[in-house]
Amino acid sequence: MTAAIEVRAVEKRFGNVGIIRDLNLSVAKGERHAIIGPNGAGKSTTFNLISGHIAPTSGEVKLNGDLISGLQPFEINRRGLSRSFQVTNVFARMTVWENVRCAVLWATGHRYAFWKNVDSLPEVRERTAQILDDIHLTHRRDVPAGLLTYAEQRELEIGITIASGATVVMLDEPTAGMSNAETERAVALIRRLTEGKTLVIVEHDMSVVFGLADRISVLVYGHIIASGTPEEIRRDPKVKEAYLGEEAH
Amino acid sequence: MTTAATSTTKVGADAAGGGLRFYGVWLIGIVVLIVLPMIFSSGGSLTSFSLIGIAIVFALSYNILLGQTGLLSFGHAVHYGLGGFAACHMMNAVVSHGWPIPLPFIPLFGGIGGLVFAMIIGWVMTKRAGTVFAMISLGIGELVASSSLILRSVFGGESGITTDRTALPKLLGWSFGPQLQVYYLIAFWLVLSAIAMYALTRTPLGRISNAVRDNPERVQFIGYDPHVVRYLAYCFAGFFAGVAGGLTAINFEIANSALLGAIQSGLVLFSTFIGGTAFFFGPILGAILVTYLQLGLTNLTTAWQLYFGIIFIGIVMYAPGGIAGLLMMHRPLIRAGTLWTVIPSYLVAIVPTIALACGVILTIETVARFSGGDAINLFGIAFNPTSPVTWIAAAVLVVGGAFVARLTWRRIAEAWDRAATVARDRGYLA
Ligand SMILES: Nc1ncnc2c1ncn2[C@@H]1O[C@H](COP(=O)(O)OP(=O)(O)O)[C@@H](O)[C@H]1O
Ligand SMILES: [Mg+2]
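So the protein sequences, as listed, match chains A and B. If you're matching positions, the first sequence starts at 264 in our numbering and goes up one per residue. If you're matching positions, the second sequence starts at 1171 in our numbering and goes up one per residue.
Simulated from the structure, these hints should not be mistaken for laboratory data. Each residue gets a CB set at the ideal place from its N, CA and C atoms; glycine is no exception. Treat each hint with caution, since some may be false.
[As the list claims (entries may be wrong)] Selected chain A positions facing chain B (Cβ under 7 Å, derived; list incomplete): (1) P336; (2) R341; (3) A355; (4) R356; (5) M357; (6) C365; (7) A366; (8) F377.
[Stated by the list, open to error] Here's a subset of chain A near chain B, in silico, CB distances under 7 Å, partners left out: (9) F337; (10) N340; (11) N352; (12) F354; (13) L368; (14) W369; (15) H373; (16) Y375; (17) A376; (18) K379; (19) N380; (20) V381.
Next up, chain A with everything else stripped away, as it sits in the complex:
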């Protein structure tokens, strides 16, 4: 079976600084894959490379077997890959409802339509209401996204990401800055919403990572030093030395 995401020999330099070096990563369809690694290792850059936010200096990225490196983010998104951002990245002046609805529009085939009333599209309305219900923000639907609490904005970020119904979902530190209770809630949400999908998640909380992931990749200085099941990663001496050791797990 072709992998959902296949990253092969990707390099990324900013100026003459190599941030990503010989990156190889394979995520199977339906797998929950966590990427861990110290701050500045290049996890977000990896997300940017896969989602088309930045182009690799060399190497290739495949989505469901098709080459996507070099494509624009919206082209990659239309092929069924959706990502969230580590720093909340929503439409601040628009309401929660509008935020999610915008993310539903392309996937429901309405594209750039200027001859349809957006309020009388039943499938758009139902899907938006469903997503709001899923992310527990129905009671905040008419609030501008910029006025939400931090945790609510993080939930909206997830909502926008999954709204298109993409089959490959990438979440960059979705629980960063959340309290324990909020994290627990968010993880339950992620687990439920990505049922049957491919998930790539960057996460710092090791209990979340080991509880959620089918496979884990460890990224250090722009290179994946180990990739495997949680058990394999736990036992890997390189990982212990480079990463888990520091965290005293």
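We have chain A already, so just place chain B with the ligands on it with the hints.
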């Protein structure tokens, strides 16, 4: 007219009530347009109303860019002017070929003129937003304005292209010679354009334009190409600017290079911003106010552009939401019933604020008229611009007014904070 923006997302009985209110606002607008010339029937009023109607269409078209899509254009009059030229050429062609096209259809050709040019230059222009777009729009504006003086066969050089609106086929016996008939033609196109532009904000493209305005980066990750969104918005803005230009051509029976120039582009930016870009009705208020000021002030003072500048700076600094923003700020207070707590502080502020304004006016007029000018007539009091008494009065009003006004403004801010906090606690955010 923005009530619908929120009401449509609510459910059940609320939506029905909101819908009624929504159509009510539009109906009232139409009725006002119909009866206005019956109440104010002088030639001067008809001319003013006609100009205001055109200015509203133009400002609304500009807000498709500025307010809806976040594009700051310094060259929007290019489409307005080209629409005017297209309309003039079309009118002359209709007359010389004897085509059966009556005058009310002409603004459509103005729109097409604005649209075609937008389709040609828009793709390159909208590649980037922000400063790059602003700079290119400025360049295009200059380019087209200067070309219009060079390409004489199309633009008629300095004198422009003239036309005769009454030479077109009559419609229902209307020759469109009298200004009243022209006013109704403009009012008709105003209603049509305003409805179309409002409807545009309620389409998928309209919603995504807002998303591009707020966050063009994120839009790419929900499947949209912000470049295409900006391009389509630009084309719509170009079309409706062209309609406004066509109306101008009909109104004046001439199109010349002044229509395309930087002054027109600046004026529409000014009107839209002063009215408020965040609400659909903002540019309508701005166009009404600015056109009135322009017509009124040019008769009263030679320094009218100075007043425009001061108003613009004041709005940018103290009320970036424009008039519409100021009005809509009060909505949560009205809903929460706390508006009455701020009214007294407003009343207290009126007197010193007016004193300050009078001081500023007196100062400007003194400077403007110092070397040879008439006496300054302020509320029936004559001031001699060369007399020290006038200077002292101006200084006292400015300094004293500013001092006291600042105290009263602070009281407004405090009263506001209290009222807004209560409103928020009661759950009224907007
Ligand atoms: N656009 C950029 N230009 C230059 N350096 C960058 C850029 N983006 C990221 N970096 C650098 O790349 C490294 C990895 O960053 P990032 O991918 O955000 O790490 P992580 O998400 O693992 O914490 C950091 O040193 C960061 O400063
Ligand atoms: Mg990161």
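Outcome of the hint check:
no., hint, in the structure
1, P336, "holds (4 Å)"
2, R341, "holds (5 Å)"
3, A355, "holds (6 Å)"
4, R356, "holds (5 Å)"
5, M357, "holds (6 Å)"
6, C365, "holds (5 Å)"
7, A366, "holds (4 Å)"
8, F377, "holds (4 Å)"
9, F337, "holds (5 Å)"
10, N340, "holds (5 Å)"
11, N352, "holds (5 Å)"
12, F354, "holds (4 Å)"
13, L368, "holds (5 Å)"
14, W369, "holds (3 Å)"
15, H373, "holds (4 Å)"
16, Y375, "holds (5 Å)"
17, A376, "holds (5 Å)"
18, K379, "holds (6 Å)"
19, N380, "holds (5 Å)"
20, V381, "holds (5 Å)"
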